[in-house]
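Asks: The residues making up each chain are set out below.
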Amino acid sequence: MAEPAKKQEQEVKMTDEGLEVGASRLTEDKIEKVINQVLKAETGARLKTYVDTCVHCGLCSEACHFYMSNDKDPKWSPVGKVKQTIWEMINKKGKVTPEFIKRASEIASTECNLCRRCLQFCPFGIDIAYLIATVRRICHKLGVTPRYIQDTAHSHSVTMNQMWVKGDEWPDTLQWQEEEARGEFPGLRIPLEKEGADVMYSVIAPEPKFQAQLIYQAAAIMNVAGVDWTMPADMGWDNSDMAMFTGDNEIMGRVKRAHFETAARLRVKRIVMGECGHAFRSVYDTGNRWLGWSRPAIPIVHAIDFYYELLRDNKIPIKEKFKDPVTLHDPCNVIRGGGLMEKSRFVANALCETVVEMHPNREYNYCCAAGGGVINCGPPYKLKRVKGNRVKAEQLMDARARGAKVIISPCHNCHSGLKDIKNYYDIHMDIKFFGDIIYKIMEKPE
Amino acid sequence: MHDIYSFVSGPLAWVAFIAFFAGIMYRLIDMIVQVIKKEPFIFTYMSLKYSLRSIIHWITPFGTLNWRRNPILTIVTFAFHISLILSPIFLLSHVTLWDEAWNISWWTLPDGVADIMALIVIAGSLFFLIRRLTQREVKFVTSTSDYVILAIVAAPFVTGFLAYHQFFGYPIFVILHILAGEIMLVAIPFTRLSHMIFSLFTRAYMGSEFGVIRKSKDY
Ligand code: SF4
Ligand code: SF4
Ligand code: SF4
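In the order they appear, the protein sequences are chains A and B.
Counting along the first sequence from 1, when you hit position 93 you're at 1046 in this note's numbering, and nothing is skipped either side.
Counting along the second sequence from 1, when you hit position 78 you're at 106 in this note's numbering, and nothing is skipped either side.
Incorrect hints may appear among the rest.
[Claimed, not checked] Chain A residues, not near chain B, derived (Cβ > 12 Å throughout):
1) 973
2) 980
3) 1032
4) 1086
5) 1148
6) 1217
7) 1222
8) 1264
9) 1270
10) 1310
[Unchecked claim] The list that follows gives simulated cross-link-like pairs (lysine-lysine, BS3-like), each with its CA atoms no further than 30 Å apart:
11) 65/B / 1046/A
12) 1048/A / 65/B
13) 986/A / 1001/A
[Said to hold, decoys possible] Simulated DEER-style distance windows between Cβ atoms:
14) 167/B / 1376/A: 23 to 29 Å
15) 134/B / 1252/A: 51 to 57 Å
16) 1146/A / 80/B: 56 to 62 Å
17) 1024/A / 49/B: 45 to 51 Å
18) 89/B / 1045/A: 38 to 44 Å
19) 49/B / 1252/A: 30 to 36 Å
20) 53/B / 1244/A: 42 to 48 Å
21) 1243/A / 134/B: 46 to 52 Å
Hints in this document: simulated from the structure, not taken from any laboratory.
Just so it is clear, CB atoms sit at the ideal spot from N, CA and C, and this is done for glycine as well.
Required output: the full structure, derived from the provided sequences and hints.
Replies: Set out below in structure tokens:
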């Protein structure tokens, strides 16, 4: 396999105001107080047992795409990142410098995707992602979080969506997409606020903001498949959650509550969500726990699972299968985090003539390096992120060498992350959602 | 010499065994109390089936992806841990001591086998030492305590081997052997050697989370 070509991009050291200004406001007293407060009040046997049990064996290292892509430099290994952050905080009983906190925040927010692959490699199942998330929590409480992602958390707090979508922008966008789609599908509706519908469809805020055609496509699929569905007209329509990744659990809780309560208000049977990984983690696994529900209060169905049902029951008439050979990216949050690997393959095979497997695949797939909020930390970290995932580039090039022309990635973050990787390493492949392919090949009215 | 021997094999042995068992109980109870107090949700997700699925895969040589990726390490790790646990329990001269003191005895290993097992533990310790010194990712996270722990584990086997073969200074090595064994017993609950107890629980919890919620493999 050829070494992926690397574009000569100058590494410009960009400063991150979120970290700089945040750290400049810190005093050592405050740091000590906050660290110990989080360690005492918010953590317990789990953290202690993980820290005491880790035998410093390094066996988690090769799980991590950052470590593998940075020539196995140990400071990128999962346990190496833990050593540079939470171990220090614990050993020094919180007596660390503002400079240390700045670096810890950068490591925790931009050098780990919380993808949980290392959990599968550690003989003891030590939850490195949890340890790193605890570091983010501490940094959040100290006000030292990368600026770009902090801005999205602010947006969540103010608007209950990630992208500062204002009150009327949302229903306007839906109506606009409905009108557009009616040109192609006469009689199509995007039913707003329909109480008692089977399905509430929720999306992430970048869809109405930049990718309204995804809402168009979803409406087309719902329409053709005859699904009894609805979308909320008010707050609660956004299922995304960057607060979960900044360690701002309080806002995470508010956002998730709004989402579940909206579904409850509409008395829907279940929530179907678009093709997004982190949002699934938030609604299915993390946010619900913060709110005290061991399982989501209302059943959550990821788009992969939903398309699987529709295709299995022949609800979507297909004109002809997608011709170009595809390869399947397994987003950590829905595959390693939700077990949808076989359903994803069922959908891919139902839609496409040829599916070429990437290696490793299924729950062992390498993360895209965008997830866990890393891509949301913005341009200062982009180069580090794409360089930190050379193994993904190699994986893609290998799939391409075996014929794959299109990458299917049922996750928004993965999409953006893989796009950056393919541009940087010059890999000529298209990236699509399942929804793009379904829309393209389904039977439409003449 | 005899007095020292009686002391280390008598009262000190008592102290060591009590510290070992009481220490383990203390660490376990402390962990469980902490979970009940602060993270009771953990119980909600525990599943016997997936705990066992995870534990069984990880205690099977080559039973997990990471064991398969590191064949030499896997063989050494398993040989090391099996020898480390079995040989002291089933060593003839240890069982004889139990028999003399308490009138209880059980099956024993042939001496030749036990001897090889001691060598395996010593060789394994050397392997881990070299790994710590040479593998960058291990060295980076290694602290002094890791070497101390390794020495604590190797010491009873080195001294035991020397004592058994009665090379030189037999009585000294017997005493050192008993002391080393006692230090190891006491160290288990209070150092990272506690992975002997906690690994079962961390594995069970991760296995349950992966099985119940994430519906994927953690091995
Ligand atoms: S990026 Fe993934 S594999 Fe690497 S340390 Fe974080 S959770 Fe582990
Ligand atoms: S986290 Fe697990 S694999 Fe990594 S060094 Fe610690 S014990 Fe070893
Ligand atoms: S963006 Fe995709 S691959 Fe990356 S962490 Fe999310 S789910 Fe994982």
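Asks: Enumerate the violated hints, using their earlier numbering and listing them in ascending order.
Replies: Of the numbered hints given earlier, those the structure breaks are 3, 14, 16, 19 and 20, listed in rising order.
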